[in-house]
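Peer 1: Taken in order, these protein sequences are the chains called A and G.
The first sequence runs 0 to 329 under numbering that gives the first Met the number 0.
The second sequence runs 0 to 329 under numbering that gives the first Met the number 0.
A few of these clues could be false.
The list treats identical chains as interchangeable, and a pair is accepted whether it falls inside one copy or across any two copies.
[To be verified] Pairs of lysine-lysine, DSS-like flavour, derived with a Cα cap of 30 Å:
#1 K321 x K32
#2 K321 x K184
#3 K321 x K173
#4 K49 x K32
#5 K173 x K184
#6 K179 x K49
#7 K184 x K32
#8 K321 x K49
#9 K173 x K32
#10 K49 x K184
I should point out that these hints are in silico values taken from the structure, not numbers from a laboratory.
Chain by chain, the residues run as shown.
Number of protein chains: 2
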Amino acid sequence: MSRRFQVVGIGNSIVDVLAHCEDAFLTDNGVEKGIMQLIDTQRAAELYGKMGPAKEISGGSAANTIAGIAALGGCTAYVGKVKDDQLGDIFAHDIRAQGAVFEVPRSPAEATHETGRCMVLVTPDAERSMNTYLGVSEHLGPDDIDVAMMVDAEWIYLEGYRFDGDLSHAAFAKAIEACKGAGGKVSLTLSDPFCVERHRDAFRTMIRDHVDLLFCNEHEMQAMYQLTTLDDCLAVAGQEVETVACTIGASGALMVRDGQTVHAPASAAEVVDVTGAGDLFAAGFLHGIVNSADLLTCGKMGCIAAAEVIGHIGARPEADLKALFLREGL
Amino acid sequence: MSRRFQVVGIGNSIVDVLAHCEDAFLTDNGVEKGIMQLIDTQRAAELYGKMGPAKEISGGSAANTIAGIAALGGCTAYVGKVKDDQLGDIFAHDIRAQGAVFEVPRSPAEATHETGRCMVLVTPDAERSMNTYLGVSEHLGPDDIDVAMMVDAEWIYLEGYRFDGDLSHAAFAKAIEACKGAGGKVSLTLSDPFCVERHRDAFRTMIRDHVDLLFCNEHEMQAMYQLTTLDDCLAVAGQEVETVACTIGASGALMVRDGQTVHAPASAAEVVDVTGAGDLFAAGFLHGIVNSADLLTCGKMGCIAAAEVIGHIGARPEADLKALFLREGL
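If we strip away everything but chain A, and leave its shape as in the complex, we get:
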């Protein structure tokens, strides 16, 4: 295909505010470990006031994935809302500097909602507990979807997190219609088990009707299909969608296509901060897909990209991912 974009991602535009903390800090402050919680302005201020010195690094799940594909030399674009504020400057700079197209108009400086941010608390076991103030990110609507961009995309990549709110449902629908109508394909990440709880039926319909490639981890897969074993869930999912790519933590990933399950082993990594592991798995996997790699190769690429990102603080790649692929003979 000779389309302008290999992958266009749609999601929450977030700047991560990353700090180390002890487990006691989480319990003392009512933060649930290992998951993403949505918080309001007041809670954001309260938590920020209590947490330690931090680093700011651009994040956002789909944005991390798009940054990863761009870092691999892919032609990508990202769609998400930021405000005309300093955090919006940071987000826009970082994704463009990585090579992705980012053209969504920003909400003006006088708008109420600021650019979204996520306070990521990293405990000594490298697990991250995310506290997200969505800000203007939540207001992504159909007007932000550029039909010409979707028509020019081989794949769109939809972030499950962004499925909260009617405006964004309409945005997803508009993007899917434009992309599929032009012969493009649709990928979706389930994002988080609690996100699946909130949208199980709508996700199920979207998966059956539109999704060609489903990303998830084992917990999201079980939340989605509610069957006893992961194998049972994967079997059902494999009948509903062309390709399933399910990460299984330190064991790597399982992919299902044409009734066959393929296992990609995890890549060796010193785990510093697991933030972005799933996002970068999707980046490596999609890089394989758009370069016509076989399923196992796609999975290996995903695992290598995930291993890179968990080796340092922050959810955007730092090392040369292409060099890492080459080193593994990919």
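Place chain G on chain A using the hints.
Peer 2: Just chain G now, with coordinates in the frame of chain A:
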């Protein structure tokens, strides 16, 4: 002494914007390697537009030193200007979260000058080239100096960088007068050889008349005294000030007091980013001073703190400095 503050630092309040780049990027964009250049708004926008994805980490030379002393459990305060903007929020949060008092009123949201930032370009050799947009940081004046705070300080720590501009001269003079009048002591860092070029005579007068402890590196020392050898420079400086602490790169530091020169060897470090090495040397050294350590111990503490900060991206300490001191028997 039973004063409220062991050390009060005064300097430029800066958020560092750190990115990796190749040496070619520096030459292509007219960035002088290894030094600090002051840039205006236009140049800041131009350079930021060209540089790669970055991380934002609170910086500022004296602020890094104060953060280091606070991380060691010292009672500290920091004085510097930020605006009521998102970068100002980040700066204020990080230094307070580290345990320092920071009470300087912020310039209002409608003010022209934003919170200062420094684009730090880190080349593969771990050297950093700094491009500083001072913003509101430049407007630190005598009204920002809380006399009661200076009276309550065992030491004040003055950042040479902040000596650009008459307002700040007056601020330094007011702080020195209040601190010394109450029996406190004054330390100064020369900051940068070009900073010394700009202020040689004024620095010399301040050193002779007020400074008890002078921090510098070998290049700043030679720019200051313009003698052939470092030893000659140190000999003269040692007659003008009670204690000189001069870092000498990978060789550690030389300290001069009472006509005696003492050498503290550098601590082993994998060098990732030299940003903040001098600032954290000063933190470790001052921690020793306020705890009545001997000169060699102060120097070793400085070298250990410097080694920690060059082992990662960013100029604020990440590891437990106290534990590192203990490991070395300090």
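Peer 1: Determine for every hint whether it applies to the structure shown.
Peer 2: Here is how each hint holds up against the structure:
Taking identical chains as interchangeable, the C-alpha atoms of K321 and K32 lie at most 30 Å apart only when they sit on different chains, with a minimum of 28 Å there against 33 Å within one chain. Taking the shortest Cα distances, K321 and K184 sit within 30 Å of each other inside one copy (24 Å), while across copies they are farther apart (55 Å). Neither within a single protomer nor between protomers do K321 and K173 lie at most 30 Å apart by alpha-carbon distance, with minima of 33 Å and 56 Å respectively. For a Cα distance limit of 30 Å, the shortest separation of K49 from K32 inside one copy, 17 Å, qualifies, whereas the shortest one across copies, 38 Å, does not.
Taking identical chains as interchangeable, the C-alpha atoms of K173 and K184 lie at most 30 Å apart only when both belong to the same chain, with a minimum of 14 Å there against 67 Å between chains. Taking the shortest alpha-carbon separations for K179 and K49, neither the intra-copy value of 47 Å nor the inter-copy value of 35 Å comes in at or below 30 Å. Proximity of K184 and K32 under a CA criterion of 30 Å is satisfied in neither setting, with 35 Å inside one chain copy and 47 Å between copies. For the identical chains of this complex, K321 and K49 are inter-copy neighbours only, at 22 Å across copies versus 40 Å inside a copy, given an alpha-carbon limit of 30 Å.
For a Cα distance limit of 30 Å, the shortest separation of K173 from K32 qualifies neither inside one copy, at 35 Å, nor across copies, at 49 Å. In the homo-oligomer, the alpha carbons of K49 and K184 never lie at most 30 Å apart, since the shortest distance is 44 Å inside one protomer and 33 Å across protomers.
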